[in-house]
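Asks: Below, each chain spelled out in residue letters.
2 protein chains.
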Amino acid sequence: MSQVRVHNFSVSLDGYGTGEGLSLDAPFGHAGDRLHSWFFPTRTFRAMIGEEGGDLGVDNAMARAWADGIGAEIMGRGKFGPQHGPWQDHEWNGWWGPEPPFRTPVFVMTHHPRPAVEMQGGTTFHFVDAPPREVLRQAREAAGGLDVRIGGGPSTVRAFLAEDLVDHLHVVVVPIVLGRGVRLWDGLEGMEQRFRTETVASPSGVTHLTFTKI
Amino acid sequence: MSQVRVHNFSVSLDGYGTGEGLSLDAPFGHAGDRLHSWFFPTRTFRAMIGEEGGDLGVDNAMARAWADGIGAEIMGRGKFGPQHGPWQDHEWNGWWGPEPPFRTPVFVMTHHPRPAVEMQGGTTFHFVDAPPREVLRQAREAAGGLDVRIGGGPSTVRAFLAEDLVDHLHVVVVPIVLGRGVRLWDGLEGMEQRFRTETVASPSGVTHLTFTKI
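Same order as they appear, the protein sequences are chains A and B.
In terms of the numbering used here, the first sequence opens at residue 213 and continues consecutively.
In terms of the numbering used here, the second sequence opens at residue 213 and continues consecutively.
Chain A with its partners taken away, still in its complex shape (with noise of 0.2 angstroms):
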């Protein structure tokens, strides 16, 4: 059976995995880039974003492993784009530009479904109303085979975690106190006891934590 992975998940000692105030200009509200600042000089990243170089070290080797098997990607509307409610135009297709990093089929969990896009490099973004475990029937159809990443938002991964679909998850603990945002353990009390936890410290003052299904 394919797997269900989350992956470079960051959040700040008080547990927020974005900020407050998201806005185009701020897709992760006041956070800024504070959550993210350990990615951006990694190999991994770097590749992302067409550029060559970056290091290679811890920081890289656990985000290295994003995309190694994933066939499809979920998301919550709020990673795709910082607009609330009905669709005003279908002009908005993520942050990411023409040809977002995916390479996948990406499932964009929204009340306001529209068309699906083809983008260049292998990405199509679906807009699905349903579930979680709706929406994962659909990915895991798409991923043929191949495991399906939850990409975020923290509500997202919050509430495959909650319905226990996730086998594994890869977050990163960064030393800020962010004070304000949108939580990611809210309501979800002893889901350590449903994994194996691995710990590793990076130089870079980060912590990566694996929880790998029992």
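These are calculated hints, taken from the structure and not from any lab test.
Take the hints with a grain of salt, since some may be wrong.
Claimed, not checked - Derived list of chain A stretches under chain B, where covered just means 3 residues or more per stretch with a C-beta under 8 angstroms from a C-beta of chain B:
#1 323-329
#2 395-404
#3 411-417
To be verified - Residues from chain B that face chain A, not an exhaustive set, calculated with beta carbons under 10 angstroms:
#4 SER224
#5 TRP307
#6 MET331
#7 VAL385
#8 ASP398
#9 GLU401
#10 GLU404
#11 THR409
#12 PRO415
#13 VAL418
#14 LEU421
Glycine included, every Cβ here is placed at the ideal spot set by N, Cα and C.
Dock chain B against chain A, hints included.
Replies: Showing chain B alone in chain A's frame:
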């Protein structure tokens, strides 16, 4: 100037420093001993309870610093005991038996002062109804030039952090989701900017973070 230090302060991934439902039988409420199970095997903890042996790994190395150069401790009433409101009697002298491990003056912050109690082995409990800055003044005086430790619980540590009175903070992030209790980080947005941080993961699964005042 003597420093103000916090040591061995465990929090869950969701930031709780203690659970819900504290009682005589459950000093950390529903958290049980999950926040501190990394600590019990260390030589430092075993020495605190008068036992020999114990591990000498990274958990012990980090834990061991707690007593060096400390001349006084400040703790909240919730760390001293599970009672609330006016004292029914003065028979309760903490969880630690006749010879507590502190071996210094200990200032218990409470709105219900009572006479000081001298215990065996050098610990004297003083009960003070005063704000953090004034309690610290008294503790510094009692510490005779040595450092002052803020012993917890989470509300007490948070109060001293909020007033920027802490020079060294050692937090242990335990990979569990506690879900309920008292949070450490509330109201401390951006506090990391006042500190230099270091992170080290332990094979026990916990992560030690130190915050050193810039």
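Asks: Determine which of the earlier numbered hints do not hold for this structure and return their numbers in increasing order.
Replies: 1, 5 and 6
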